[in-house]
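Using the sequences provided together with the hints, build the complete structure.
Heads up: the sequence lines are chains U and S, in that order.
So for the first sequence, our numbering puts the first residue at 38; every next one is plus one.
So for the second sequence, our numbering puts the first residue at 38; every next one is plus one.
If you are wondering where the hints come from, they were derived from the structure by calculation, not from laboratory data.
You can trust all of the hints, since none of them are fake.
It does not matter which identical chain is meant; a pair holds if it fits inside one copy or across any two.
Straight line, CA to CA, 20 Å or less: simulated SDA-like cross-link-like pairs of lysine to any residue:
#1 LYS225 <-> GLU311
#2 LYS122 <-> GLU244
#3 LYS296 <-> ALA260
#4 LYS242 <-> TYR221
#5 LYS236 <-> ARG215
#6 LYS296 <-> VAL334
#7 LYS175 <-> SER150
#8 LYS312 <-> PHE267
#9 LYS225 <-> PHE55
#10 LYS242 <-> MET190
All of these numbers come straight from a predicted model, not from anything done at the bench.
2 protein chains.
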Amino acid sequence: MSLVIIGTVAFDAIETPFGKTDKIVGGAATYASLAASYFCENVKIVAVVGDDFPEKDIEDFKNHHIDVEGLQIKKGEKSFFWSGKYHNDMNSRDTLVTELNVLADFDPIIPESYQDCEYLLLGNLTPKVQETTIKRLKNRPKLIVLDTMNFWMDVALNDLLETIKMVDVLTINDAEARQLSGEYSLVKAAEKILQMGPKYLIIKKGEHGALLFGEGKVFSAPALPLAEVFDPTGAGDTFAGGFIGYLARVGTVNFNNMKNAIIFGSAVASLCVEKFGTEKIKNLKESEISERIQQFVQLSSFVID
Amino acid sequence: MSLVIIGTVAFDAIETPFGKTDKIVGGAATYASLAASYFCENVKIVAVVGDDFPEKDIEDFKNHHIDVEGLQIKKGEKSFFWSGKYHNDMNSRDTLVTELNVLADFDPIIPESYQDCEYLLLGNLTPKVQETTIKRLKNRPKLIVLDTMNFWMDVALNDLLETIKMVDVLTINDAEARQLSGEYSLVKAAEKILQMGPKYLIIKKGEHGALLFGEGKVFSAPALPLAEVFDPTGAGDTFAGGFIGYLARVGTVNFNNMKNAIIFGSAVASLCVEKFGTEKIKNLKESEISERIQQFVQLSSFVID
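Below, the structure written as structure tokens:
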């Protein structure tokens with residue numbers, strides 16, 4: 038099953054209470070495609086970078102069997118750059134620098150070889166670009182997952198609402214679900230959002246896990262309690278990549294498989310935050326993932342006689 | 038198995054976005070003993086009220102087979118009174134009135150018939166009174182659970198630390214776990230708190246469920262996502278009562294039974310908040326509880342092949 042992931046491929050400079058980095062490779066499509074590559078062998082990215090983007094980092098994608106035909110490299114231009122500093126609680130952060138650069142007029146090109154895609158992840162990006170991506174696919178994918186954030190609700194709500202109508206799964210955090218629906222109760226928020234188009238809604242609650250709503254059911258996934266979160270950057274993207282990567286591997290979309298996909302996405306996200314940037318997610322062993330999955334099983338299983 | 042519960046039996050006046058009440062019966066021991074009574078037939082309370090406390094509400098305890106021999110009724114004195122107003126998010130509240138009244142010099146009397154108690158719940162109360170209760174039992178109960186709150190950490194930390202040393206299970210919320218340990222990470226907080234004496238720590242996270250730490254393991258219990266929380270008063274006490282009531286029924290204390298006890302406690306707490314005060318928890322049907330338990334099973338179960 039082929040999986041297309043669109044999103045940013047970019048530079049980040051990150052400061053956390055544990056240290057700081059120079060410019061390192063980040064971006065939604067980077068984290069998501071690396072995460073997905075552990076479950077699905079046929080991951081293809083659509084993104085744009087400048088010619089400042091290092092060849093060795095493109096090699097990293099290839100080493101993970103990620104198809105980069107859809108990665109545009111703009112000559113004489115610079116890659117998107119974001120810099121941020123996390124507060125001590127690691128749950129909030131200040132953006133220090135945002136340089137859009139090549140992202141300012143990103144026009145997603147879908148290579149012909151991507152047209153058979155059955156799974157599509159629209160990573161966090163301008164809703165218009167997400168919509169364009171859907172429209173440029175000749176056949177509608179079997180499953181479209183859209184990840185977004187409060188920023189787009191603030192500056193491009195109408196575009197976002199138009200794009201949300203076209204997708205199967207929306208992933209946002211709890212504050213964003215409340216903002217988008219105007220409802221404080223997450224149950225009521227989910228009811229309203231599911232009337233906006235998506236069949237499934239995933240509400241990411243960070244250290245409190247995630248909720249899945251759809252088919253009139255609810256699933257609550259735990260988060261693994263961690264002694265130390267080293268760098269939360271990319272955790273949401275990694276979650277989304279692991280989620281859709283698992284579904285692409287299984288090949289059948291239903292509530293039970295979505296539950297497992299959330300566990301797999303949560304597992305890789307919990308590994309991602311153990312090191313700075315993509316360091317951990319770039320070098321995962323199969324055994325690390327399966328051990329982490331087992332920890333999730335142990336963490337939340339109980340048997341009532 | 039006999040279960041002794043000490044705590045407040047009191048009047049509350051509550052205001053939530055859904056309405057307000059006049060003085061109604063509340064208090065930690067009230068909620069906890071009512072919740073426990075659905076699982077354990079041998080619940081005994083230790084508490085103090087004034088002679089303003091209505092006979093019919095004492096009858097309510099008796100109707101739930103709750104032994105009130107340890108309930109002191111002080112002639113010419115008034116019962117503890119608390120009044121509070123919840124904010125729109127229902128997660129925070131302002132205390133409007135606190136009248137200690139009989140609680141100011143509460144000296145817990147343990148009737149002889151309570152001395153065989155095997156399970157002891159020290160509901161939220163002055164740590165000194167909790168400690169006195171333990172000391173007045175001739176034999177140490179098999180399991181002592183202590184519930185407390187940030188207020189006692191602020192005004193009686195040393196007493197609290199002394200009392201915590203003597204118990205098996207401590208139940209507090211996430212903010213309180215951070216306050217008590219000085220650690221932001223709940224894993225690190227739990228490590229420190231488990232060195233203070235208790236063998237098990239339950240961290241209550243409200244709408245995000247609860248965590249159980251102990252025996253080197255962690256369990257994450259979900260919270261049932263609710264469309265409406267009508268009145269959160271007493272939810273923590275109800276949880277604690279359901280928790281220890283279930284364990285008293287099962288009769289064996291181990292990690293697996295504690296996991297189930299948390300689910301049973303969470304289930305009755307989720308029912309409690311559906312109506313004002315004790316209205317719901319006073320009138321539960323067996324079928325309501327078992328249906329709610331099944332909802333928790335549905336909510337959090339997944340099967341990884």
